[in-house]
Amino acid sequence: MLVLEDKQGHGWCADSRRIGTILHDHPSLRLVVLNSCEGARNSLTDPFAGVAAGLIRQGVPAVVAMQFEITDEAAITFAGEFYAALAGGFPVDAAVAEARKAIYIQPNDIEWGTPVLYMRSSDGVLFDLAQKPAAEEIMPLTQVHGVAGDVVVPYETVPKAQQQKSAEITPSRLQVTPHVRTLEGHKKAVNSVAFSPDGAIIASGAGGGLLWSNDNTVRLWRVSDGALLRTLEGHNKQVTDVAFSPDEVVLASGSRDMTVRLWQFLDGVLLRTLKWYEEEVTSVAFSPDGVIISATSGEIILRMCHVSDGALLRKLRGLYGVGVAFSPDGATMAAGSGDNIVRVWRVSDGKLLRTLKRHKGFVQSLVFSPDGVVLASGSRDKTVRLWQFSDGTLLRTLEGHKKWVNSVAFSPDGVIIASGSSDKTVRLWRVSDGKLLCKLEGHTKVVNSVAFSPDGKTLASGSDDQTVRLWRVK
Amino acid sequence: MEAACELGGKLFEAVFGGDVRACLRSSLDEVYRKERTGLRLKLRLQEVPILSDLPWEFLMDATLDRFFAQSNQTPIVRYIEMPERIKPLTVNLPLHLLVMISSPSDYLRLDVERERSRLEETLEPLIKAGKVRVKWLENPTLTDLLRCL
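In order, the protein sequences belong to chains P and B. Each residue of the first sequence is one higher than the one before, starting from 1 at the first, in the working numbering. Each residue of the second sequence is one higher than the one before, starting from 1001 at the first, in the working numbering.
No lab work stands behind these hints, which were simulated from the structure alone. For each residue, glycine too, the CB sits at the ideal point set by N, CA and C. Take these hints with a grain of salt, some might be off.
Unchecked claim - Computed footprint of chain P on chain B; a stretch qualifies when at least three of its residues, placed anywhere within it, have a C-beta under 8 Å from a C-beta of chain P: (1) 1001 to 1014; (2) 1059 to 1072; (3) 1080 to 1087; (4) 1090 to 1098; (5) 1130 to 1141.
To be verified - Which chain P residues face chain B? A few, computed with CB under 7 Å, are given here: (6) G20; (7) Q58; (8) E81; (9) R100; (10) K101; (11) A102; (12) I105; (13) P107; (14) D109; (15) A130; (16) V347; (17) G350; (18) K351; (19) L352; (20) L353.
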């Protein structure tokens, strides 16, 4: 799907067949370039792949599509070099290679790989130039056929238990024992962790990475001894978020496979699969009375339903949602987004109450303090911000993380806030004055998720290093 | 860069084993012996969506320490087989670009003006040299696209 505009300037989704039909009768149209500007989307998989292939089937000889969001800098460099090479008589694939080189030497180590060239022209020649440029500029290409469909991507091995480092303990009442337990078993990054309301069980959702994911499971572990109780299988892609219903009956899991699954968590029975999403689900949360809220990546719709029947209650437009959270009384909800803004809505009628605009990067995680007074947000701008919920005042900015803050969690007494970051650390901060209490080191890769047990004595963290670590907090 | 190398190396190991690697090596040898030729790596992945989601552009020959897609001698393309042939077309410069920037009011807003001015700036030398001409579609609607073509 491409989102174009309708006459009123609102979003209008055009599928590749519709666009292709318009383009089909124009044989001089030889190339379509689909650009995804910075901030224009927040999807992890390649949303243009389908459109690009569709346009080729409708007769367009070649399509260049960005497989990830591309920065302005890289996109502009690409355009300049690419069109110059085309006008110089290069075959389209050689022109793309020239443009890649230009991005690479910017220098830019990653984005040269962002453009993908789809084509059906066997020789890469989209047109002949009537006036040929100098012969040395043109390069014929021979072809090799060989890459077949039966490719097997090797499984990644489970890393061995990593060396443990001791936590830095500041002189305060807080004591943290470096991971009491490491829960190992996931074969992919752990993206989300959640404690059951009674604190006995911890759920972890896994999957992802740039390679095909071989572990899209939710696992349930016993907190007391770290035993793996159950593996919930069913999602076809990365599980991005897990949440327990307050009555401890249902576990919800959101996934990049564009579904939310509701599991009866005691016996692992799949109760319901919510399939009305058109994009990857990034976040799920329960209200105190069992309403489920979920947000998706590229999409701008926040969906709510009641756990009992799975019927869609409301759609709220206007964000690229990431972290979603309910206030403790269930009356309001908040979501982070790709435009660096935190939005807060009234649940009863979906009215947008407040927009909090101080972050300088993608807001990835949100959490309300247990008393509902403070809303905390973690962002790619490396900070955690604490907001007074009643009027949206920014109370405090917690600085220290060296990379993105991916997850935030309040201790049940509201005294401490924990943050997990791409800098591989978990940090604990005192809410009252923003003081850094301690830095937990041990994870060997990005920390994606943090959660406090309901009694506040255990902190769990999930990481790209495929483990869940439990830390004793006193 | 490390991540790109690791990923590219893994993709390469996964695909180019045994006979396939031998075939690649001998084809590359042939290409490098001749001047002004190249080897196009065509990936046919349409039938296997799980594979087409992978960023194959990062394919890296670890022994040569080189990304294929970074050289115009070894471009990587996603190939889609079609029964109809492409009719040959001879064009005179300038190449015509039609640019459409969609930024619906109910979605995250793009800085359309900035996008536009940066692209214009970049293409200015090509436009002045008479190699490229750019037309902007003012209203990014399907109707306007149809009219404009």
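Structure-based check of all given hints:
With 8 residues carrying a beta carbon less than 8 Å from a beta carbon of chain P, the stretch 1001 to 1014 of chain B meets the three-residue requirement, and the given coverage holds. Figure legend: the stretch 1059 to 1072 of chain B, annotated as covered by chain P; annotation consistent (5 residues with Cβ-Cβ distances under 8 Å, at least 3 required). A count of 6 residues in the stretch 1080 to 1087 of chain B with a Cβ less than 8 Å from any Cβ of chain P is obtained; the coverage claim is therefore met, three being the minimum. Judged by the Cβ-Cβ criterion of 8 Å, the stretch 1090 to 1098 of chain B is covered by chain P as claimed, because 7 of its residues qualify and three suffice.
Interface restraint, the stretch 1130 to 1141 of chain B with chain P: holds (5 residues with C-beta to C-beta distance below 8 Å; minimum three). Annotation: interface hint on G20 of chain P violated; nearest CB of chain B at approximately 11 Å, more than 7 Å. A distance limit of 7 Å between C-beta atoms decides the matter here; for Q58 of chain P the minimum to chain B is near 10 Å, and the interface restraint is violated. This hint is violated: E81 of chain P has a C-beta 9 Å from the nearest C-beta of chain B, more than the 7 Å allowed.
Because the beta carbon of R100 of chain P sits about 5 Å from the nearest beta carbon in chain B, less than 7 Å, this interface hint is met. Of the supplied interface hints, the one on K101 of chain P holds, with its beta-carbon coming within about 6 Å of a beta-carbon of chain B, less than 7 Å. The closest approach between the C-beta of A102 of chain P and any C-beta of chain B is roughly 10 Å, which is over the 7 Å cut-off, so the hint fails. A cut of 7 Å between beta carbons decides the hint on I105 of chain P: the least distance to chain B is about 10 Å, and the hint is violated.
Interface hint status for P107 of chain P: violated, as the beta-carbon distance to the closest one in chain B is roughly 9 Å, over 7 Å. The interface hint given for D109 of chain P holds, since its Cβ lies 4 Å from the closest Cβ of chain B, which is under the 7 Å cut-off. Restraint check, A130 of chain P versus chain B: the minimum CB separation of about 5 Å is within 7 Å; hint holds. The closest approach between the C-beta of V347 of chain P and any C-beta of chain B is roughly 21 Å, which is over the 7 Å cut-off, so the hint fails.
At about 14 Å, the closest approach between the beta carbon of G350 of chain P and any beta carbon in chain B exceeds 7 Å, and the interface hint on this residue is violated. The interface hint given for K351 of chain P is broken, as the beta carbon of that residue sits about 16 Å from the closest beta carbon of chain B, more than 7 Å. The criterion of a C-beta within 7 Å of any C-beta in chain B is not met by L352 of chain P, whose closest approach is roughly 13 Å, and the hint is violated. Taking 7 Å as the C-beta contact cut-off toward chain B, the hint placing L353 of chain P at the interface is violated, the least distance being around 19 Å.
The structure shown violates the earlier hints numbered 6, 7, 8, 11, 12, 13, 16, 17, 18, 19 and 20.
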